[in-house]
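Chains as they are written, first to last, in the numbering used here: chain A, 3 to 464; chain B, 639 to 861.
Misleading hints may appear alongside valid ones.
Per the computed footprint, the stretches of chain B lying under chain A, defined by three or more beta-carbons under 8 Å from a beta-carbon of chain A, are [to be verified]: (1) 704-715; (2) 811-825.
Chain B is faced by these chain A residues, among others (derived, beta-carbon under 10 Å) [as the list claims (entries may be wrong)]: (3) Leu6; (4) Phe25; (5) Thr29; (6) Leu32; (7) Leu97; (8) Leu121; (9) Arg122; (10) Asp287; (11) Ala291; (12) Asp321; (13) Glu331; (14) Ala360; (15) Ala372; (16) Gly425.
Simulated from the structure, these hints should not be mistaken for lab results. Positions of the beta carbon are idealized from the N, C-alpha and C atoms, including for glycine.
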Amino acid sequence: MSGLRKLVRSTAFRLAFFYFLIFGLSTSGLLGLVYWRSAGFTAQQIDETIAAEIQGLYERYRLLGIPGLTQVVVERSKQQKQSLYNLTAPDNRQLAGNIDGWPIAAPDEDGWMNFAYDLRVGEDAVERRARGREIAIQGGFRLLVGRDVQQRVELVGLMQAAFWWAGAGIMALGVVGGLLISRQTLRRVDAMAAASGQIMAGDLTRRVPRNGSGDELDRLAASLNAMLDRIESLMTAVRQVSDNIAHDLRTPLNRLRARVEVTLMGEGDEQAYREALLRTVEDADALLATFNALLDIGRLEGAADGPSDRVDLATIVADVVELYAPVAEDAGIALTTDAPTGAAFVEGDRRLLAQALANLIDNAIKYTPAGGRVIVATAVRNGVATLSVVDNGPGVPATERDRIFDRFVRLESDRAKPGNGLGLSMVRAVAARHNAVLKASDAGPGLRIDLAIPAAARPPAG
Amino acid sequence: MRILVIEDDREAAAYMVKGLGEHGDTADHAATGEDGVMMAASGYDVIVLDRMLPGMDGLAAASTLRASGDTTPILFLSALGQVDDRVKGLKAGGDDYLVKPYAFAELLARIEALTRRRGDEPPTGMRVADLEIDLLTRRVQRGGARIDLQPREFKLLEYLARNADQVVTRTMLLENVWEYNFDPQTNVIDVHISRLRSKIDKGFAKPLLHTVRGAGYRLSETG
């Protein structure tokens, strides 16, 4: 019962029912038209023929009186097979005609009637249907002219029967077909719902079943599965990030705690306490900086577009390189630029691009040994403005190159270097915000990072 | 200094009031924007205003104060850190913008900078002990001897001198001297400071540019 109700309430069933209704109505309309054009039309023709014949016979009566009319009716009764005649005297005596007796029927106001008569076939008599009109002639004479309509009646009967059968057939097909279609659709939808239920219950590896037909439901299932793939990869990423956060923040927190604990165990020397507290503040600041960097990356990745200006990459390069020049010099690294002014323009957020470049330069200086070089360059090609930072340090193995932009990824050999492992993640978030492609490649030797941003037109002079 | 803290988080506010008190300031606390606007009428040196408040939020409170003719410097505190949020805060009448989580030293330094900045016409020259800075000719002398500075070094020294005897944080220097508001991975600021220090302090008995641990830097005659 509930299954039937569910079926009736299903979209597929409603659709099937709706189409069935439309189809049934139009079929009925078509059949009705056929019926009216055939049966109705012949009925009208018969009436017109009878009326014309009566007209002719009445003319004859007016010219020749009852004897003349009688003679014509006798003649016609012999010739005609389709037409039926009966001329009766006032004393109900039949004067002429080809049907026996006056038919028992109730004529309408104009004398039209439908009646039955007996057709003699050899010894037997067969009752047949007829239609005719009676008229009264002066002196109590009555004339009936009719036509045999047995064939037409039979045709109409056949047509009606055929219509009923056709209607019943369409109905049965519609109901059964609708039920079949909706049951099949329902079964697929139910399977999808069941899969969703299991996924919601926590089994993120499950997928919605597909039948490979490429129809609407199959396409829906395909896009649901694509969405689930995306969610699963995001979930994995989130889990990995939170694992990394837990790991990377636990270490400095432990160190901080240990220092405070050890200080408390020692003798109370105010100078020692001050020192411990100052170092604790520094550690806390580093932790805060990590949190802020994480929040910044999260905001960049989560928020829609921010402010955007036409930016000359050369200006950003000059500013950021100036900021890092003393750092590079102290590290014994030659920091040079190849960024002509007024050549490479992009639409973007000046501060974010500067921050991304700062992180790239910072990274390059950190991993390039003294005596090395870092080159910051811009180039425009095929509508793409590329900002490149190239060093000649040890580089990154090809297998690790895609990973360096992930959060908290610090290659094992670099764990001793300062930094929170978020610098390149920030670069990736800035790249995504600017629809840019970020690529790490081998500089042979060294690491080359290219940030390819869609180029903007040069701003009008002035 | 009298400071009004408008902050709905009572614990954070209590900690801030205590910290400001230990620093030698008098701080009052208002838990809502409406209360804050009322209390501000009694006159404060600085208002520390949280962006997110129940009822009247920080932006509305700042606009209300500015509309009533109150020109007390406002330092916005916010958990929102996007550039446009900063711009919105400054447009509503804020004078500075600090994103949570922040270091208390940062808050103190910014409060001091706000009170100093107030109403001061830019002088044509500044003097810290025997260090003289001429803002018109952009010449720097110490003890009568000329010191050559790069343009950025001059800007750095100028900012430190404008806030002489006060702590300025690395973030404040990056924001005001380089006009960046991000946190560089390496302490690039430290390197620039040490270069400046080698130019203005080297060879002199009394250093002027001091590092304040856990906070930032201070240009002052006394350590």
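Is the interface hint satisfied for phenylalanine 25/A? The criterion is a beta-carbon contact with chain B at less than 10 Å. Hint violated; phenylalanine 25/A Cβ to chain B Cβ min 59 Å, cut 10 Å.
Restraint check, 10 Å cut-off on beta carbons, for glutamate 331/A near chain B: With Cβ-Cβ at 9 Å, under 10 Å, it holds.
Quick check: the region 704-715 of chain B, covered by chain A? Criterion 3+ residues, Cβ under 8 Å. Our answer is that it is violated, as 0 residues pass the Cβ test (under 8 Å) against chain A, missing three.
Restraint outcome when alanine 360/A is required to lie within 10 Å of chain B by C-beta distance: Holds, because the Cβ-Cβ distance from alanine 360/A to chain B comes to roughly 6 Å (cut-off 10 Å).
Given a cut of 10 Å on the nearest C-beta pair, is the interface hint for leucine 97/A held or broken against chain B? Interface hint status for leucine 97/A: violated (113 Å vs cutoff 10 Å).
Regarding the hint that glycine 425/A lies at the interface with chain B, is the smallest CB-CB distance below 10 Å? holds, 5 Å
Hint status (Cβ of aspartate 287/A to nearest Cβ of chain B, threshold 10 Å): holds, 5 Å
Chain B contact restraint on threonine 29/A - CB to CB distance below 10 Å: Cβ of threonine 29/A sits 64 Å from chain B, so the hint is violated.
Measuring from the C-beta of arginine 122/A to each C-beta in chain B, is the shortest one below 10 Å? violated, 107 Å
Does the closest beta carbon of chain B sit nearer than 10 Å to the beta carbon of alanine 372/A? violated, 15 Å
With chain B as the partner, please determine if leucine 121/A meets the hint condition of a C-beta pair closer than 10 Å. violated, 101 Å
Examine the region 811-825 of chain B: at least three residues should have C-beta closer than 8 Å to a C-beta of chain A. holds (count 8)
In summary, the numbered hints that this structure violates are 1, 3, 4, 5, 6, 7, 8, 9 and 15.
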